[in-house]
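So the sequences go chain by chain: A and B.
Residue 73 in full-length UniProt numbering sits at position 73 of the first sequence; the count goes up by one each step and never skips.
Residue 124 in full-length UniProt numbering sits at position 124 of the second sequence; the count goes up by one each step and never skips.
Treat the hints with caution; some may be incorrect.
One copy or any two copies: either way a pair holds, since identical chains are not told apart in the list.
Stated by the list, open to error - Only pairs whose alpha carbons sit at most 20 angstroms apart, straight line, appear in this in silico SDA-like list of lysine to any residue:
#1 155 - 166
#2 155 - 167
#3 8 - 109
#4 147 - 185
#5 155 - 165
#6 7 - 107
#7 173 - 4
#8 173 - 154
#9 173 - 156
#10 155 - 173
#11 147 - 32
#12 7 - 172
#13 155 - 56
#14 173 - 102
Please keep in mind that the hints were generated in silico from the structure rather than gathered at the bench.
Predicted model, so just to flag it, every value in this text is computed and none were measured.
Protein chains: 2
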Amino acid sequence: MTAFPAKKDLPVNLARRYLEPGPIVLVSSFWQGKTNIMTLGWHTVLEFTPSLIGCLISSGNHSFAMIRDSGECVFNLPTTAITDTVVGIGNTSGADIDKFSHFGLTAAPAQQVKAPLIRECHANFECRLYDDVLIERYNFFIFEIVKAHAAPSPKHPETLHYTGDGVFMVSGKIISRRQQFRPEML
Amino acid sequence: MTAFPAKKDLPVNLARRYLEPGPIVLVSSFWQGKTNIMTLGWHTVLEFTPSLIGCLISSGNHSFAMIRDSGECVFNLPTTAITDTVVGIGNTSGADIDKFSHFGLTAAPAQQVKAPLIRECHANFECRLYDDVLIERYNFFIFEIVKAHAAPSPKHPETLHYTGDGVFMVSGKIISRRQQFRPEML
Numbered sequence: 001m002t003a004f005p006a007k008k009d010l011p012v013n014l015a016r017r018y019l020e021p022g023p024i025v026l027v028s029s030f031w032q033g034k035t036n037i038m039t040l041g042w043h044t045v046l047e048f049t050p051s052l053i054g055c056l057i058s059s060g061n062h063s064f065a066m067i068r069d070s071g072e073c074v075f076n077l078p079t080t081a082i083t084d085t086v087v088g089i090g091n092t093s094g095a096d097i098d099k100f101s102h103f104g105l106t107a108a109p110a111q112q113v114k115a116p117l118i119r120e121c122h123a124n125f126e127c128r129l130y131d132d133v134l135i136e137r138y139n140f141f142i143f144e145i146v147k148a149h150a151a152p153s154p155k156h157p158e159t160l161h162y163t164g165d166g167v168f169m170v171s172g173k174i175i176s177r178r179q180q181f182r183p184e185m186l
Numbered sequence: 001m002t003a004f005p006a007k008k009d010l011p012v013n014l015a016r017r018y019l020e021p022g023p024i025v026l027v028s029s030f031w032q033g034k035t036n037i038m039t040l041g042w043h044t045v046l047e048f049t050p051s052l053i054g055c056l057i058s059s060g061n062h063s064f065a066m067i068r069d070s071g072e073c074v075f076n077l078p079t080t081a082i083t084d085t086v087v088g089i090g091n092t093s094g095a096d097i098d099k100f101s102h103f104g105l106t107a108a109p110a111q112q113v114k115a116p117l118i119r120e121c122h123a124n125f126e127c128r129l130y131d132d133v134l135i136e137r138y139n140f141f142i143f144e145i146v147k148a149h150a151a152p153s154p155k156h157p158e159t160l161h162y163t164g165d166g167v168f169m170v171s172g173k174i175i176s177r178r179q180q181f182r183p184e185m186l
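In isolation and in its complexed conformation, chain A is listed as follows:
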């Protein structure tokens, strides 16, 4: 496991390969000269083209206003290689600390948004706010993934899936049933 997985461009409609399984993601943001990172487990794919995702960002999070006001963020996919960092990020607030420096994470410039990529993550999805219709009522943001980067290897990294109560399930082992799918269902 290298500290900086080497990434390539990924077609944005393939983001589902990484997000649909439901992993914890690290959401990075930038607003008025400052960055922040939060953990997020409440998200879903909404559409392939445009590549839409929806997610719940509680208004209690320091990131909430930064993301709402900038209309941008990056979904970064961590693996079990940085489990303790993920836990630390989820248990601290950007109101108190600079999370990149505190956790020794490396910010890299994104292409389409001002929020930074986290280099230690397996994949990065640059997001732009697509529809704010449910932000006020549910804190639910609808983003378009405008640029995607992913490490080609390993193809199925060990990801973290939060169950509450401090416990994560780990995905990584796979089952293929490709032969049982009709081509148009793949």
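Given chain A, put chain B in place with the hints provided.
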């Protein structure tokens, strides 16, 4: 692995324990004397209390109108014990077959909704439509979980997480970092 996991009542706000990790679920429905089942991977927790979940049900699914018109469904959590059944359900349409009988699944009555529980699943979440505001624009349904049932054992069953392309990741192995969480964060 018994064919019918023995279930107990679960407080509805603990549904996140099973749904937040992002597994494929089997969504059962009932409308005008007929039942149906679909696979669903595009869902997210939205709130603990009330216990809200959001999900994307494409209007191309036979279940779409049944669920929209009845305003009800059940989220059933399958495990790897019935992987092939999950694949079969996702690759067939309720317009052509009766999925309960075709796949040899057992319907049990729910308590709060008319849609049936699938007994072979590890957990069942009875859902009532809570807000239809995004159905027309995104096919996005917001449900309240009004009753939850779950097998106490195993505590972390092997669940299926779809990546597209006929490939599922499997969760089951866990990592606990409970000691690193402040009590109010659990």
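Cross-check of the supplied hints:
| no. | hint | result |
| --- | --- | --- |
| 1 | 155 - 166 | between (27 angstroms within a copy, 14 angstroms between copies) |
| 2 | 155 - 167 | between (24 angstroms within a copy, 11 angstroms between copies) |
| 3 | 8 - 109 | within (15 angstroms within a copy, 50 angstroms between copies) |
| 4 | 147 - 185 | neither (25 angstroms within a copy, 32 angstroms between copies) |
| 5 | 155 - 165 | between (29 angstroms within a copy, 13 angstroms between copies) |
| 6 | 7 - 107 | within (14 angstroms within a copy, 46 angstroms between copies) |
| 7 | 173 - 4 | neither (22 angstroms within a copy, 25 angstroms between copies) |
| 8 | 173 - 154 | both (12 angstroms within a copy, 19 angstroms between copies) |
| 9 | 173 - 156 | both (8 angstroms within a copy, 15 angstroms between copies) |
| 10 | 155 - 173 | both (11 angstroms within a copy, 19 angstroms between copies) |
| 11 | 147 - 32 | neither (22 angstroms within a copy, 45 angstroms between copies) |
| 12 | 7 - 172 | within (19 angstroms within a copy, 28 angstroms between copies) |
| 13 | 155 - 56 | neither (27 angstroms within a copy, 26 angstroms between copies) |
| 14 | 173 - 102 | neither (32 angstroms within a copy, 29 angstroms between copies) |
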